[in-house]
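For the protein sequence lines, the chains are Z and C, in the order given. Heads up: the first sequence is residues 150 to 386, going by this note's numbering. Heads up: the second sequence is residues 560 to 765, going by this note's numbering.
Derived pair list, reagent style DSS-like, types lysine-lysine, alpha-carbon separation capped at 25 Å:
1. Lys191/Z x Lys343/Z
2. Lys665/C x Lys343/Z
3. Lys647/C x Lys222/Z
Simulated from the structure, these hints should not be mistaken for lab results.
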Amino acid sequence: MIRYIISLAIGLLLGTAAASALLFYNPLAAQNPLSPLSVSDKEIISLNYSAVTADAIVYTNDGESRSRPHPVKVQQLWEAPIRQTDVLVTVLSDSRSNPVGIGIKFMSDSERTRLINGEALIDSAWHIHLPGRGSLFVEQTENYWNFLRQIVLPAYWSSGDSWKGTWLGNTTVGPGSLGTALVSGGTGTFAGLKSEAVEAISARAYSVEQGPVSMDGSLTIEVVGRDDSQETEVAAQ
Amino acid sequence: MFKTLIFGFLLGIVGTIATVYYLPVVDLHREPSVIMVAPNGGNVETFHVNVPMDRIMVGAPDQSEPVPPGLDWPADEIFAGVRAELFKIRNSRDSVIGVASRVAAKSVEFGDSIEWVLHLPARGSFYVSMPPQSFDGVSRVGQMNIGTREFQPLHGSVSERWVENTENEDEDAPVGRIEIVTTFVGVFSDDDAAGDLSGKDVEGES
Chain Z
150 MIRYIISLAI
160 GLLLGTAAAS
170 ALLFYNPLAA
180 QNPLSPLSVS
190 DKEIISLNYS
200 AVTADAIVYT
210 NDGESRSRPH
220 PVKVQQLWEA
230 PIRQTDVLVT
240 VLSDSRSNPV
250 GIGIKFMSDS
260 ERTRLINGEA
270 LIDSAWHIHL
280 PGRGSLFVEQ
290 TENYWNFLRQ
300 IVLPAYWSSG
310 DSWKGTWLGN
320 TTVGPGSLGT
330 ALVSGGTGTF
340 AGLKSEAVEA
350 ISARAYSVEQ
360 GPVSMDGSLT
370 IEVVGRDDSQ
380 ETEVAAQ
Chain C
560 MFKTLIFGFL
570 LGIVGTIATV
580 YYLPVVDLHR
590 EPSVIMVAPN
600 GGNVETFHVN
610 VPMDRIMVGA
620 PDQSEPVPPG
630 LDWPADEIFA
640 GVRAELFKIR
650 NSRDSVIGVA
660 SRVAAKSVEF
670 GDSIEWVLHL
680 PARGSFYVSM
690 PPQSFDGVSR
700 VGQMNIGTRE
710 FQPLHGSVSE
720 RWVENTENED
730 EDAPVGRIEI
740 VTTFVGVFSD
750 DDAAGDLSGK
760 DVEGES
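Kindly generate the complete structure, drawing on both the sequences and the hints.
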C-alpha cells in the first residue's frame, strides 16, 4: 500500500513539475512583438525615465514588495483597495537626456491576469505634464510575463540572487487593437489629441533584494493630430 | 505500481493546469460605490482627501518642509511653474479607495491649468482638466477628458473645493478636506437608441 502512495506522490510531483515547465516555456505565450509605432511615419515623442525606484522623485507601494518605497518616509499604500497598486513619480527626459516633464504612473495588478496564457497583466495610467507643451493621459494594459520569466525568475534561481544582462521589451499590450496604449491630450498643444503609445523597458541588472538595479523605461507617443470632433461638439453646445 | 505513477503524473498535470486556470491570481478588494442619482440626470459621486493625512507628495520648487520628508524635487527651471501632488482618495464613507494626482501648472502661452487623475484600482481611472478660476468663489469645475474601464463610457463634470474642518477639533483630526464631486452620464449610443425605438432588448436579439 505504501508503495502505491509513494508512486502516486512521485507521479503527482513529476506531473506538477511537467505542467509548470509547460506553462513556463509555453510556446503559445505572447512573445515580444515589434512595436507598431516603430514603423510609423507620424511625429513621435519619446519620453525616457529611470525605472530604478531610488532614482524616482517618489515611488510608493504597499511597503512589502521587492521594490522599496522612495523616499523612505513616503506614505505607503497599505489600505486593502490600493494594496496592489504602485505609484511612480519621475522626471521624463527626451532622447538627448534633457528633462522635459513630470510623469506620474499608477500601476495596479489586473484581475484579467491569466498565467496559463502567459499574461501577468497590469492596468496602468500615466499622467504626464510637459511644461511649455501641455499635458497627456496614457491608458494602457501591460504584460510583465516576459519580464518575470526572463529576468525576475532567473534572478531567484541565480546563486547571487541577481540577474545581469541586456533585456529590451515592450510591455504595452493594449487596449489599442494593435497592442498599443491610448493617449488623450488635456492641455496646451496636446488639447484634444487622441493617439497611441507604446512603453518599453530596457533592463541591465535586477536584484531579488532591491528589485530593478539598472533599468530604464521609455514611452513612445505618436502625435497623430487633434480630435476635432470634441471641439466641434463643444462649439455646438 | 507503474500505473499508479502514470496516474499521479497525469493528475499532477491536470491539477496544476486546472489550478492555474481557475484560481484567480489577482483579486482586488472592492468597496461598495456610493452613488446618488441627480434630479436632472447623471450619477453623482463624492470623493475626498483628508488633509494632511492623505497627502502622499507635494512636489513644488523651494519647499521648506517637503512632503514626504527627503523629497528631492527637480531644480530645473522648466519645473518652476509646476506643482504636482499625490493623494489617497476616500469615498463618502471615509474609506480609502484609490490614489490621485493633481497637477497645477502655470503657462504664459496656454494659460494656467489644473488637472486631476483619479485611479481607483478596482474600477478604472479618469482624467479631468479644470480652469484655475473658481466657478462660484468656492468650487472649480472641470470636465472629464477621458475615463478607463468603468469610466470609459461616461462623460461629465468634476468639481473640487476646499472644505475646512470646523466641527472636529481633535488633535488627530484633519485640517480640512479637498472634496471632489463627479457628475457623470453614460453616452447614448446608436445601439441603445435602436433598442428603445423597437421596444426590444437589443442584446437579446443578437
